[in-house]
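Participant: Sequence:
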Amino acid sequence: MQIQLSDVSFIYEKKKKKKASALAPAVLKQLNVTIHSGEMLAIAGKSGSGKSTFLQLLKGFLAPTTGSVLLDGVDPNTSKRPELFDQVGFIFQYPEHQLFSTTVFDDIAFGLQSAKLPREVVEQKVRKAMESVELDYEVFKDRSPFELSGGEKRRVAIAGVVVLEPKLLILDEPTAGLDLPSRTALFELLHQLNEKQGLTIIWVSHQLDEIVNHASRLLALKNGIFIADGSPEATLSDPVLLDAFGWEEPSALVVSRLLEQLGISSGNGKLSPEEAAAVISTALNQQQILAK
Numbered sequence: 001m002q003i004q005l006s007d008v009s010f011i012y013e014k015k016k017k018k019k020a021s022a023l024a025p026a027v028l029k030q031l032n033v034t035i036h037s038g039e040m041l042a043i044a045g046k047s048g049s050g051k052s053t054f055l056q057l058l059k060g061f062l063a064p065t066t067g068s069v070l071l072d073g074v075d076p077n078t079s080k081r082p083e084l085f086d087q088v089g090f091i092f093q094y095p096e097h098q099l100f101s102t103t104v105f106d107d108i109a110f111g112l113q114s115a116k117l118p119r120e121v122v123e124q125k126v127r128k129a130m131e132s133v134e135l136d137y138e139v140f141k142d143r144s145p146f147e148l149s150g151g152e153k154r155r156v157a158i159a160g161v162v163v164l165e166p167k168l169l170i171l172d173e174p175t176a177g178l179d180l181p182s183r184t185a186l187f188e189l190l191h192q193l194n195e196k197q198g199l200t201i202i203w204v205s206h207q208l209d210e211i212v213n214h215a216s217r218l219l220a221l222k223n224g225i226f227i228a229d230g231s232p233e234a235t236l237s238d239p240v241l242l243d244a245f246g247w248e249e250p251s252a253l254v255v256s257r258l259l260e261q262l263g264i265s266s267g268n269g270k271l272s273p274e275e276a277a278a279v280i281s282t283a284l285n286q287q288q289i290l291a292k
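Numbering of the sequence shown is given in the UniProt record's numbering, commencing with residue 1 and proceeding in unit increments.
Hints listed in this document are in silico derivations from the structure and should not be mistaken for laboratory results.
Mixed in with the good hints there might be a few duds.
To be verified - Beta-carbon label-pair distances, calculated as ranges: (1) A176 <-> Q124: 29 to 35 Å; (2) D106 <-> R257: 46 to 52 Å; (3) E123 <-> P239: 32 to 38 Å; (4) G198 <-> D136: 21 to 27 Å; (5) Q124 <-> H191: 20 to 26 Å.
The beta-carbon is built from N, C-alpha and C at its ideal position, and this holds for glycine as well.
Model the full assembly from the supplied sequences, consistent with the hints where possible.
Facilitator: Here you go:
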């Protein structure tokens, strides 16, 4: 699915209250951007920059104040076809907090209820969704979602969206609250959904190393405007951009550049410290062998 934003602005409608709100509403200003089918796109920016508002426009939770949001060339808002937004799956931050059914099966199947499908079709779809997030159907279908690990709960929540067969998946800080093994496993899952099922993946992240390691493209949002759009490697090594956000260059890029300066190939150019340590160890072993 391709999404195109043309001159999109959004301003939250002011409401009269006895006491003014302490937080100013997020505002997006004249956004023009195209998200191509099959991308792994990360959105970054400080709190209040408009990231959540941007995501809600893509899903149709909000309509732009001005401009248009086109899904494969059609504007669901002006064409009065809001059902087109059903092709966009949305996963909130801490999605496991939204689990409520007594079994994993019922939680994943909940979104299919309105379709009134035969039981065997529902079972087939739930089984397929669980397989796509690497949850064994027979092992997990009858278990309580509240008895699962944090990473397993998040997979159940993702399966509850994937079961609806969206073309695009939006995640709001998907690794929040997860430990390192769960974060790693989650992105392995997202890459599989992207590569094997062709899902376009869009996620918000504050973790720059996460973006470097997993995104094919980065949109940096500041004060409602995208001030950078490009590859994470190029964007996050730009001192002007880093200074504008008060960011430090991701360690993966720093380590890879240092290795290159030492004459050690960094491969894909974005090694984690752990991967860099392995590369250095291999290089030292090779030097010792040659020295003998």
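Participant: Is 21 to 27 Å right for how far apart the beta carbons of G198 and D136 are?
Facilitator: Between G198 and D136, where Cβ atoms are some 24 Å apart, the hint holds.
Participant: Taking the beta carbons of D106 and R257, is their distance inside 46 to 52 Å?
Facilitator: 50 Å, holds
Participant: Confirm or reject the claim that E123 and P239 have a C-beta distance inside 32 to 38 Å.
Facilitator: Violated, at about 55 Å.
Participant: Given a hinted range of 29 to 35 Å, is it respected by the beta-carbon distance of A176 and Q124?
Facilitator: 32 Å, holds
Participant: Given a hinted range of 20 to 26 Å, is it respected by the beta-carbon distance of Q124 and H191?
Facilitator: 25 Å Cβ-Cβ, so the 20 to 26 Å window holds.
Hint 3 alone, counting from the list given before, is not met by this structure.
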